[in-house]
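Chemist: Here is how the chains run, residue by residue.
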Amino acid sequence: MEDSNKKEQSGSTHKIGIYLWIWGLLFVLSFFSYLVDWYQFQGMLRWSLILFFMFLKAGLIMAFFMHLYWERYALVNVLLWPMTAIVCFICLMIAEGKYTLFSRLFYFFVGG
Amino acid sequence: MHVGIIFFLIILGSVLFHIFTPWYWTDIASNWQGMDDTITLTFWIGGGVFVAVCLFMIYCLFRYSYKEGRKVEYKPEDKKLEKILTWATTLGIAALLAPGLIIWNQYVNVPKNALEVDVMAWQWGWQYRLPGEDGKLGTTKVTNINDENPFGINIDDPYGRDDILVQSDYINLENNKPVKILLRSIDVLHNWYVPQFRSKMDAVPGIVTFYWFEPNKIGEYEVLCAEYCGVGHYAMRGGVEVQSTEDYSKWLSEQETFQDLIAKKEKLEFESKKLAKNSNLNLNRNIYTEE
Amino acid sequence: MSDEYENKSGYQAQSSETIHAQSSEAITGGGSGITPDMDYVRPAELPEQDLYHPHSFIEKWVFCQDAKVIGVQYFLTAVFTGVVGLILSWLMRLQLGFPGLAGFITAEHYYQFVTMHGMIMVVYFLTALFLGGFGNYLIPLMVGARDMVFPYVNMLSFWMFFVAVVVLMASFFVPGGPTGAGWTLYPPQTILEGTPGHGWGILLMLISLSLFVIGFTMGGLNYMITILQARTRGMTLMRMPLTVWGIFTATVLAMLAFPALLVSSIMMTLDKLLGTSFFMPTILKAGEVLEYGGGSPILFQHLFWFFGHPEVYIVALPAFGIVSDLISVHARKNIFGYRMMVWAIVGIGALSFFVWAHHMYVSGMNPWFGFFFASTTLIIAVPTAMKVYNWILTLWRGNIRINTVMLWCLGFIVTFVNGGITGIFLGNVSVDVPLSDTYFVVAHFHMVMGIAPLMVIMGAIYHWFPLVAGKMLDEKLGKWHFWITFLGAYSIYFPMHYLGFIGVPRRYYEMYDSPYMTSGVGLNEFISTAAFIVGAAQLFLVFNIIKTMKTGKKAEQNPWKANSLEWYTSTVPPEHGNFGDRLPVVHRWPYDYNVPGAEQDYLPQTAAPSEVAHTEVEKT
Amino acid sequence: MSDPKIEGFELEKGFKGMAQDTGSDQTMFKGVHWGKAMMWIFLLSDTFVFSCFLIAYMKGRASTPEEWPNPSEVFALDAFGVPVPLLLIALMTFVLITSSGTMALAVKYGYERNRKMCGYLILATALGGLTFVGMQAYEWSKLIHEGVRPWENPFGAAQFGSFFFMITGFHGTHVSIGVIFLFIYCYKVFAGHYDEGKRGWFTKMKGDYVEVEILGLYWHFVDLVWVFIFAFFYLW
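Chains as they are written, first to last, in our numbering: chain A, 1 to 112; chain B, 1 to 291; chain C, 1 to 620; chain D, 1 to 236.
If you're looking for bench data, these hints aren't it; they were derived computationally from the structure.
The model shown is predicted, which means the values in this text are computed figures rather than measured ones.
Treat the hints with care, as some may be off.
What the hints assert, rightly or not - Using 25 angstroms as the maximum straight-line C-alpha spacing, the simulated DMTMM-like pairs for lysine to aspartate or glutamate come out as follows:
{"id": "1", "chain 1": "B", "residue 1": "LYS141", "chain 2": "C", "residue 2": "ASP601"}
{"id": "2", "chain 1": "D", "residue 1": "LYS206", "chain 2": "C", "residue 2": "GLU616"}
{"id": "3", "chain 1": "B", "residue 1": "LYS75", "chain 2": "C", "residue 2": "GLU611"}
{"id": "4", "chain 1": "D", "residue 1": "LYS206", "chain 2": "C", "residue 2": "GLU59"}
{"id": "5", "chain 1": "B", "residue 1": "LYS79", "chain 2": "C", "residue 2": "GLU611"}
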């Protein structure tokens, strides 16, 4: 175990530049997503911008700060595939939330 | 040897039990014959697989029980056999799934002419509400519920005024007329279930759930609560009586509407005010404290 | 050697269409001639694990870091909870079969028994027993590791589980008693008056569950990393015994499913303590509107079953794995379709995250979900059926030892197929409508995830007892134990399905006043009687163990003539570190039984190709 | 990190490499330290925890017929007499990303065995985390002053407060735990435990700079979760 770590250490560490770059990029992206609120974009534009910046930031943190970009695919895939279950859960809960809201509005407010 | 025989007797016993069981479903009294048919189909296919698998296992026990020096096959896999089995199973599964989905499609699509019945559940009892002449139910709200308004109907909803109120665990339904059960609970989960109708759905507080059926056999049936709802769950029973059209309309005409109830309460209040001068009669009997 | 090795070695085994992995000959690039390269297995990537040996009695037996001791600790604690669960089930059957006979069982008590029985059996008994007990004991041995990779965390895991059990048991003694909300804990009734134990009982239950999840996470990390990162030389994933595959996949499921349980526990605790309304809509009780509003009870059900359905497979997959190994060893034949079995386990595990709402067909969720979940649910039936076929095809043309272990496996096949078929009824959405919430469901899940895994547990106990204790359990007592348990359990749950057909709802304290239920009286009496007998029959095992420990025959090193690594330890029972000075080197899969040309009817995983060069090990 | 060198074979890249790793013996994640693999799997599990929280929040918010409070107004902060929307949240995000950056650099210097730099950067990260927790405490007390409670709030749907306190509270707990460990590791780095491979207090495992990376993974994860909370709770 120890040996393998030493090997890792003797292997290349990354140049400091890449970290600073990503760091700066994260600030800029956070600032942009803040501007989405500042200018009060509404509707699809707002949501798509929020999601875009969110995924970009998350991706940068995972890829570079957490070194996933340099990891071998075995690890990357093990970590990312389970997210499909979450995606499925999210999609179904969106449908469920809408259905609940419809039921509440229809039977308790609108009627007919 | 005897092991195989005992296992064989178990399988034989299971099949015989299934054929001669005195415990089987009650006579169906609604349009959901399709559910029963799918169950029967599943029994044929599933039961066939069960018997086949077990008999094959028993055969292996007889044929290949331990013998020193028996020649054993060494064949880690057999692609062809595995492929055949996979496809056969997939086919069988598809044959079961298809009717299931078709019937579910009917189950969630309520016919346009269905009579809406509002079933209100609480710990531990039921009461029912039918639409009046306008054919529509008024909207409701849990917080509206009080002595004057036991169903919590929104007073300003024009559809609600003529709603017919059945303050009883028992309700009558018209034979051969589709019914859309709208389930509503004011406290916890319940489930309005009549085994003969084959259909059920939970009543969930906070939303209204629904299902439909068409009763097709005149008679009285017991209503059971099929979702655990606290200590009184097992005692939460009600009843349905399916009647012919004449009997049903006679029964319907005897029921009071929300309008009647309001009028009656107002009259009662007026009189009680007079009475109150003489005695402190407490009319604030709350139906929900009864169990 | 090594060019050839680098280019053609193990990594082709994965992509070539054969199970080359089973034989090292593949690694040398084929050829049946004896060459020195034949036995080559590449050197260890990692240095030997740095083990911390115990220095005192407490470190050796209480806060022990040896996975084998932890496994036994898990096992015994889980069995203790199981006994509590068994007694609760007796009390329930007493009430159901002979109502009024035991006057002290009120409706409140009955519902408390139901709830605690369910929760204990599913979570604290079966999950802990399979993953904590068998997992801890067998994983390091079977993959050829000295211990779990994080022994200290592993020890914490057990003690966290122990505290969870203590908290759970404490709820029997708090005011109001344990919760009686049903093991699914559906709000709103769980935390409202009208449900027994809605105060302290439910709180302790939620705390205990959270502790269990935290404790399990620590254990689960160990199991996963040990299997992924600490295998011995030559042990590829495709050479692992199916037991390890089953436990591994179940652990992955647990790591991903328990979070949903943790979240729903936290949210419900907040609803109870702080008066938040995550799951609580506006509620009118006893004429008063409670201070809740706007929450959704169905949300809880989704979260719960997002955990709950994988949980079913967390119990089932280790059982699948273990039974595969037992059948193969005792039928003296390779497991049929090993790769199919592995993919089936993985596939079932992955699919289990997409089927949860089949528990909720009649819950009032969005009705269109029915189509999606019925389809995904029935798709799972295909890999499951493949596993069943492969078990019986393993028996076919084998040389079957009909001993106690094999009997339990046969019992498993019968009960599992039975329960699996009834699962197709319940998974198929519109067939589920008349049957859900009736005794059909109770019978189904007891058959498929109660009795079937229990059969495997018993088989596993008879199989591995010689390894753990160094003595052979008595066969005769074992057979009595099997037949009474199996026949009894089958006659409990097989007829119970038919109660469900009549329409008897589950969770009824008493049910005989309805006209179409009265016919069930005799059946219920019969079921209850059988339940008492089956429960009592477990004393055979207790007696057997006591007798064996006192006077039993000493076990030889590898009494079943099995191939997998746990039987090739330096001592029996294995000591801390498992394998003595040198870790074993693996050359083949663990199912080389009755290989043509071999002298014995088994080839251990450690047998090097050059030692058995004259055999015709399967290459295609 | 970068591809490890393993005696006995050449590592392929990409999906081919994945097939190679999966089919190989001994380890599946080549060159990945046990502890690091453990932290990754733990984070995967923790992702599911936070996902469940956020999904519950989404479902709760989507299905409430009551007005959902406008976070832009609720979380506004007066700066020089002008209400600036989400000012505090923006600052918190800034602090957390800053600390994430320092942590990333700490990991880098750790691998270069630059004890001093590594230690100072961990210290900076810990202080950043502490600032974040402090700001969160301020935010909570401000909202509580305004009448927001877990069970009700003056702005609209009651679930707003419930989900806010629960999710940010759970995230805050993660940050706090992280800060505690950062201080411990900071001490251990400065004391040179990782240079000399000193055994840990409890686990008796030999210390190594890889532990800094493991802690770093946790800390970046906390930041990662904040990205999602920021988007879904404050901006949405």
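Chemist: Could you check the structure against the hints above and give me the numbers of any it violates, in ascending order?
Modeler: 1, 2, 5
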